[in-house]
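Position chain B relative to chain A; hints supplied.
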Amino acid sequence: MADVTPTPLMAVGEPTEGRLPSRRFDSAFALSGHWIGVILILIAWEVFARSGRVSPFLLPAFSTVLARIGADAMAGPLFLNIGLTLYRAFLGFAIAGLIGLALGVGMARSRAIAWFFDPVISIGFPMPKITFLPVIILWLGVYDVSKVTMIVLDAVFPIVTATIAGIRGIDHQLIWSARNMGARERHLIFHVLLPGALPQILTGFQVALPIALIVAIVTEMAMGGYGLGGAMIDAWRLAESPKLFAGIVEISIIGYLLVRGMALLRRRLLHWHSEGRTRG
Amino acid sequence: MKRGALLLFKFLPLLILAVLWEIVCRAGLVSSLVLPPLSAVIEAGIDLMTSGDLWTNGEVSLYRVAAGLLLAITLGGALGFAMAWWRPLNSLISPFVEILYPMPKSALIPVTALWLGFGDGSKILLIFLGCMLPVTLGAFNGARGTDEALLWSARSMGAGPLRVLRDVVFPSALPELMNGIRTAIALSLILLVSSELIVARQGFGYLIGTLGSDGAYDAMFAVVLIVASLGFIADRLHLAASGWVLRWRM
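First to last, the protein sequences are chains A and B.
Position 208, counted from 1, in the first sequence is what the working numbering calls 208; the numbers after and before it change by one each time, with no gaps.
Position 200, counted from 1, in the second sequence is what the working numbering calls 200; the numbers after and before it change by one each time, with no gaps.
Calculated directly from the structure, the hints in this document are not laboratory data.
All values reported here derive from a predicted model rather than from experimental measurement.
Don't be surprised by glycine CBs; every beta carbon is placed ideally from N, CA and C.
Each hint should be verified, as a subset may be incorrect.
[As the list claims (entries may be wrong)] Label-pair distances were calculated between CB atoms; the ranges are:
1. B:A159 with A:G83: 56 to 62 Å
2. B:W152 with A:L265: 40 to 46 Å
3. A:A114 with B:E43: 47 to 53 Å
4. A:G182 with B:F9: 33 to 39 Å
5. A:A114 with B:W248: 31 to 37 Å
Extracted from the complex, chain B is given alone in its bound form:
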C-alpha cells in the first residue's frame, strides 16, 4: 500500500499533465484540430485496436525490429568477442568500427530503400546496420576488461578456450554487453519509426503518416502515444532483463 502511494506520488506529474491536456481541450482553449482531447485520443486508440489496423501495422513493425535487433545482437556480439579474442582480427576490423561507429545511420534510410525497396528488407537491414556496432563495442570492451587473473586461474585449472569463453569472458563482459544492447534497442525504434515515416507502405510510422494526412488526428495521436510508450516499455524490459541476467553480481 505504501509502495503504491509512493509510486502514485512519483507519477502524479504525468497525471496532472494528462488532466491539464483534457481541460485545455474541453475549455476550448485550443482547437480539436490542433490537439484532440485525451479522451477522444483514447477512444480512437481503442477503435484502432478493435478494427485491427493497429495490429496489422504493428505486427509488421515488430517483426522488422525483432529481426534487425536479433541479427545485430548475435552477429555484432560475436564480432566483438572475436575481436577481443584474436588480435589480428582486431587490428583488421577495429579501424572500420571506429570510422563507422559515429556515422549517423539514419542517413542510410534512402540507401537501404534504394537497395531493397519499400518493404521489410530495407528496414531490417537499416536496423541491423544501425544497431550492430553498439553491441560489438559493448562485447569488445567488456571482453577486453576481463580480469587477467581470472583468465590465468581458469587456464591453470585446465579450462579449454571454449570453457574460458563461456565461464569467464562472457560473464565478465555481460554488463557492458547489456549496455550496448540497451543503446541498440533505443536506436532500433528510432530507425524503425523514421524509416517508416519516410519510406514505407506498412508499419507504425506509415500508419501515423496516413492518419495524419487523412486528418484523423485523434487516431494519429493515439498511435504516436502507443509507439512512444513502446520505447519506454522496451527500455524497462531491458532493465529488468539486465537485472535478471546480472543477478549473480552484487
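Isolated chain A, as found in the complex:
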C-alpha cells in the first residue's frame, strides 16, 4: 500500500516500455495475415450459419447481415446512428483529453495537486466506472449529457496517468536547461514538458479512444434511443437477430478504423521522435 501512485495503464493495450503491445504481434505475422484472417472468419461464419447446424435466429448468415447493413445504409437510420455514437464518443474523448492533460500536468508539477488526486486516481482507475451509470442518470437524465459524462469519467484515467508518467520520465537536464535559459512555467509546459511527454500521452489517448467508443455504446444500450448501442438493444428486444449482428459488424469496423486512425496520427505527430524514425 506504500505506493499509491497509479501503476501504469492497465486498460486494454497496455504499453510496455513505450512500445505498443501489438508491435511484437505484428512483427511475428506479416500484415497480410491480418486480412486473410478477416476473410477466413467471415467465410467460416457464412458456412457455419448456412450449414443448418445452428438456427438462423441465433446466428444469421454473414450475407444476411450484410444485406441488412446495406438496407439500413440506404433507407434506415444507419448513418444517423453512427454519427450520434461517434459524436458522443469524440466529445467525451475531447473533454477527457483536456481534463486529463490539465490534471496530469498539474499533478506532475505540483505536490499539493498530486497529494490530493493520487488516492482518487489510484482508487478510481481500477473501479468499474459503469457502476456509476444509474447515479449519473439520476443526476443528468437519459440524454447526451449523461452519456458524455460517463465517457469522460472512463476515458480520463488513462490520459492522466500517461501524462504524469510521460512528464516524470523527461530528462531533467532538459527542464534545467530550459529554466536556465529563462523559460517560465507556461513555456516550460508547452515547449518542453508536453512535447517531451508526447509519446506516452499519445499512448494514453490510444488507450482512451476505444474506451470512449465502447462506453458510448454501452450507455446507449442502457438508455435506449438513437445510436449504435440503442439500435442493438432495440434489435434484441424485437428479436431481430440480423440487425443485432449488423450492429456487431458496424461497431467492429468503426472500432478498427478509430484504432488505425490513432496509430496513423501517432506516426505523424511523432515523426521528429526517435520512435517515428526507427519505425521508418
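Relative to the frame of chain A, chain B by itself:
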C-alpha cells in the same frame, strides 16, 4: 505508528471528500433526492447487508465473475502457451486473435443475451469471451520472450518438453501473464456490471437498477460504492498475488 500516519496522510484527501459530501448534504445545498448524505448511504448499506438482498445478488454476481474469469484464465492461458510452443497453431490462430482483440466485447451483451437469455450463462460467456484474449496475449508474449539461452541449457541438461515448459517457459512468462490477468480482472467487472445493468434479473447491476427505479437512492448509492470498491479491492489482491507469485524475482 509512523507508517500509519503516512498512510493517513496519503488517504486524507478521500476523507476530506467524504466529510465534504456529508456537509454539503446536511447543509441542504443539494436535495437528498439527488445526493443522500454519506451517513444515510452507510446506514442503507448496513440495512442491505442485514436484510440479505446484498448477499443474494452478490453471490450471483461473484459466481458469474469467478466462473467467467476462471475459464478465461485457464483456456486463454493454455492457448497462449500452445501458440508460443507450436508455430503452425500460432500462424493459424494469431490472425483471429489480432482481429478479435480490439473488438469491443461489451457489444456482445445483447448477443450473449440472445443466445443464452437473462441468466448466469450469458454473463459467464460474455466475461469469458471478453477476458480470454488479454490472458492469451500475456501468456503468448511472455512465453515468446523466454531467454533462448535458458531453453538451450535446460534442454542440454536433459529436460524434456514438459519440464522445460514447467521450469523455464512458465516462470519466465509469468510476469506478462499476470499483467494479462490484471487487465482481465478489470474487464470482467466492467462486463459483469454493464451486462447486469442492461439485461439481468439478478446480480449487483440489477440491484442497483431496481433500487434506483424504486427511488431508494441511499441504498443505490451504497451498492454503487460497494461494487466500485470491489474493483479496487480485486486490483489490490491481484497486485499482492503477483508480488507473491513473482517473489523469486529481484
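To see whether the hints hold, each was checked on the structure:
Checked against the given bound of 56 to 62 Å, the beta carbons of A159 (chain B) and G83 (chain A), roughly 59 Å apart, stay inside it. Between W152 (chain B) and L265 (chain A) the C-beta distance comes to about 43 Å, which sits within the given range of 40 to 46 Å. One distance hint, 47 to 53 Å for the beta-carbon pair A114 (chain A) and E43 (chain B), is violated here, with the actual separation near 34 Å. Between G182 (chain A) and F9 (chain B) the Cβ separation comes to about 36 Å, which falls inside the hinted range of 33 to 39 Å.
Evaluation of the 31 to 37 Å hint for A114 (chain A) and W248 (chain B) yields a pass: the beta carbon distance comes to about 33 Å.
Violated hint: 3 only; the structure is consistent with all others.
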